[in-house]
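Visitor: Protein sequence lines, in the order shown, are assigned to chains A and B.
In terms of the numbering used here, the first sequence is numbered consecutively and its last residue is 174.
In terms of the numbering used here, the second sequence is numbered consecutively and its last residue is 523.
Don't take each hint at face value.
Claimed, not checked - With a Cα cut of at most 16 Å, we get these calculated EDC-like pairs of lysine to aspartate or glutamate:
1) Lys145(A) with Asp53(B)
2) Lys253(B) with Glu230(B)
3) Lys77(B) with Asp119(A)
4) Lys132(A) with Asp170(A)
5) Lys32(B) with Asp512(B)
6) Lys315(B) with Glu87(A)
7) Lys139(B) with Asp125(B)
8) Lys166(B) with Asp170(A)
No lab work stands behind these hints: they were computed from the structure.
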Amino acid sequence: MNKADGPRGLSRRQLLVRASAVGASFVIGSGFIAARDAAWAAEVTTLKPETFATLVQMARDIYPHDRIADEFYVIAVQGYDNADLAEEVEAGIAALDAAAQGKGHDGYLGAGWERDRVDILRNMEESAFFQKVRGGLVTGLYNQKAVWPVFGYEGESYSKGGYVDRGFNDINWL
Amino acid sequence: MAAPFDLNDDTVVVVIGTGAGGGVLANELAQKGVSVVALEAGGRYLPEDYVNDEWESFGQLAWVDPRTTSGDWRVSKDFSGLPAWIVKAVGGTTTHWAGASLRFQPHEWKAATTYGAVQGASLLDWPIDAEEMDPWYAKAEDKLGVTRTNGRPGLPGNNNYLVFEKGARALGYTDVHTGRMAINAEDFDERAPCQQTGFCFQGCKWGAKWSAAYTDIPRGEATGNLEVRERSHVARIEHDPDGMVTGVEYFDKDGNLQMQKARIVCVAGNSFESPRMLLNSASALFPDGLANSSGQVGRNYMRHMTGSVYAVFDKPVRMWRGTTMAGIIQDESRHDPSRGFVGGYEMETLALGIPFMAAFLDPGAWGREFTSALDQYENMAGMWLVGEDMPQETNRVTLNHDVTDQWGLPVANVHFSDHPNDIAMRNHAYKQGAAVYEAVGATRTFPTPPYPSTHNLGTNRMSENPRDGVVNKWGQTHDIANLFISDGSQFTTGAAENPTLTIVALAIRQADHIAREMSAGNL
């Protein structure tokens with residue numbers, strides 16, 4: 001609840017966002033990962049690039065919105081690419097991969113169906129790592145102003161004079 | 001002597017807290033010529049400072065000093081360090097409140113008599129009644145400019161209200177309207193009318209909603225009789241060997257411990273901080289804390305039976321546009337035990353923005369069941385359910401000596417578990433709330449659990465008999481004649497209604513009493 005919780009206020013400069021589209025990520029070089037269609041790319045400074053790519057997929061599987069592009073999930077978890085958190089995140093993602101391998105997948109990202117990945121997450125949802133990632137996403141994802149239009153939410157309205165002349169009672173289907 | 005006052009001036013009344021209780025009391029006393037020092041833990045924020053952004057505003061206004069929780073309420077699991085969503089600022093939670101201004105129903109002043117014995121509940125009648133409170137309610141309504149009272153018009157309904165109203169009528173509800181709100185429908189008291197901006201919870205940038213921050217506080221200061229000391233956090237209330245309070249020790253804005261002498265001390269820090277201050281003031285003479293000979297300080301914590309119902313429709317609603325709490329159904333507020341519970345509840349529209357909806361719709365939930373709901377945000381309508389909860393001695397605020405705040409003071413632990421009556425009422429309210437929306441074609445409804453509490457009541461309750469509570473009918477502590485409680489913690493029972501109007505009415509009445517007793521030389 002405290003706004004200090006979770007990764008927030010991340011610098012857009014850390015991120016090289018090229019365009020908006022969806023697609024699973026892959027590693028394109030040391031410390032540099034990108035979407036398969038080059039829709040986004042991020043510089044990873046501390047985490048293993050594979051770890052970060054898995055974390056992004058985990059974030060989408062926790063709060064899947066098909067109309068929200070990967071770049072926003074990247075922004076939401078970028079704060080974990082941090083020396084203070086690296087050990088915990090590497091261990092958490094390693095556990096995720098091990099659980100996936102235990103179910104016959106080639107790691108978490110190797111599980112092609114969302115339902116298979118969600119099964120893995122359900123089995124670890126009480127863990128501190130899962131709860132940290134999920135809790136951080138509540139603000140890290142949904143408090144990004146750039147995703148609000150996807151939900152139709154209009155945000156700040158005072159500077160526009162409120163809605164008194166802009167449809168506060170314009171419902172027409174009742 | 002005019003404000004500012006000297007620390008050694010022992011003729012002043014010290015009011016702790018500047019919200020609906022303390023802010024109003026401080027101004028009312030100042031208007032009567034009484035010298036008042038108001039100690040406010042928070043800073044001063046005015047309409048130009050408020051922000052139309054849920055988390056940013058939360059960071060600006062909310063009380064986030066450490067607290068701990070226990071009990072079986074879900075808030076203790078999902079928001080363990082944040083039992084209440086209240087404000088730390090000049091004006092207190094009157095910056096955040098929705099504005100609903102309802103009088104208690106006459107029978108609610110006499111809950112023990114009306115409901116009879118309820119197992120596990122510490123019900124008690126208030127030592128005052130509807131007739132006694134009628135003129136004070138009228139003064140409070142006129143101060144706040146409450147719509148639909150004393151000839152003032154109502155607010156227009158927004159989209160969220162129009163959905164709610166149509167469903168209510170379809171269900172046969174008749175007491176349905178856009179509320180009695182302390183939000184101007186037209187110019188009133190030098191404040192603008194509502195511009196349907198939304199963000200009522202983040203502080204009204206138009207000043208259309210009444211808040212003590214920009215009404216009572218500056219008016220009190222303008223008399224020269226009120227000094228408000230911001231960012232002043234009270235540590236303890238001091239007393240003399242005769243057991244009368246003599247002053248208040250507090251950390252000032254620079255973190256230095258100060259001692260303000262006082263003729264009278266009035267405590268209005270909301271229902272966690274007020275008992276915490278009394279308990280943290282324990283001494284050799286009062287080992288269980290001040291005004292606690294009954295053992296009732298901190299007990300009988302009430303937070304209202306609450307919950308929400310959100311619903312998705314096949315077409316847009318855009319509930320966030322306009323007044324956050326835009327209308328009410330009052331048909332279920334009656335006492336009718338045939339429903340399976342005593343007391344009643346109100347249904348009031350409510351809207352959250354997408355950031356808070358993500359945090360509060362179903363805390364802890366994840367996956368497509370959750371995200372598919374948020375995906376329909378534009379097509380959602382919402383209501384809040386608020387009803388009378390049962391006082392229980394074991395629901396209480398205590399000191400947690402294992403956790404201290406930034407001043408090294410033990411924090412409040414808030415223990416709460418629902419009474420079976422609360423659960424029965426909530427289940428009934430969830431069912432009726434869903435039915436309202438299904439009557440207008442909802443395709444999916446969500447029985448949303450209670451948020452961190454905004455209505456915190458009862459931890460220094462009013463009682464006829466000193467054995468049963470902490471304060472008498474004037475809010476004066478039974479044990480210490482010059483120590484008063486001036487906030488919602490003095491509530492004997494919670495009633496179904498949003499508490500602010502009653503807190504304001506009691507504060508106006510208390511100011512009248514204190515000034516009269518001072519003039520008579522009794523205080």
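Visitor: With a cut-off of 16 Å on the C-alpha distance, tell me whether Lys253(B) and Glu230(B) pass.
Guide: Satisfied, since the Cα-Cα distance of roughly 7 Å is no more than 16 Å.
Visitor: Run the distance test for Lys166(B) versus Asp170(A): straight-line Cα separation, threshold 16 Å.
Guide: Holds - the C-alpha atoms of Asp170(A) and Lys166(B) are around 15 Å apart, at most 16 Å.
Visitor: Between Lys132(A) and Asp170(A), does the CA-CA distance stay at or below 16 Å?
Guide: violated (41 Å)
Visitor: Within a Cα-Cα threshold of 16 Å, do Lys32(B) and Asp512(B) meet the stated pairing?
Guide: At roughly 8 Å apart (the allowed maximum being 16 Å), Asp512(B) and Lys32(B) satisfy the hint.
Visitor: Does Lys139(B) pair with Asp125(B) here, judged by a C-alpha cut-off of 16 Å?
Guide: violated (24 Å)
Visitor: For Lys315(B) and Glu87(A), compute the direct alpha-carbon distance and say whether it is at most 16 Å.
Guide: violated (47 Å)
Visitor: Are the Cα positions of Lys77(B) and Asp119(A) separated by 16 Å at most?
Guide: violated (24 Å)
Visitor: Has the given pair, Lys145(A) with Asp53(B), been kept, meaning a C-alpha gap of at most 16 Å?
Guide: holds (10 Å)
In summary, the structure is inconsistent with hints 3, 4, 6, 7 from the numbered list given earlier, while agreeing with the others.
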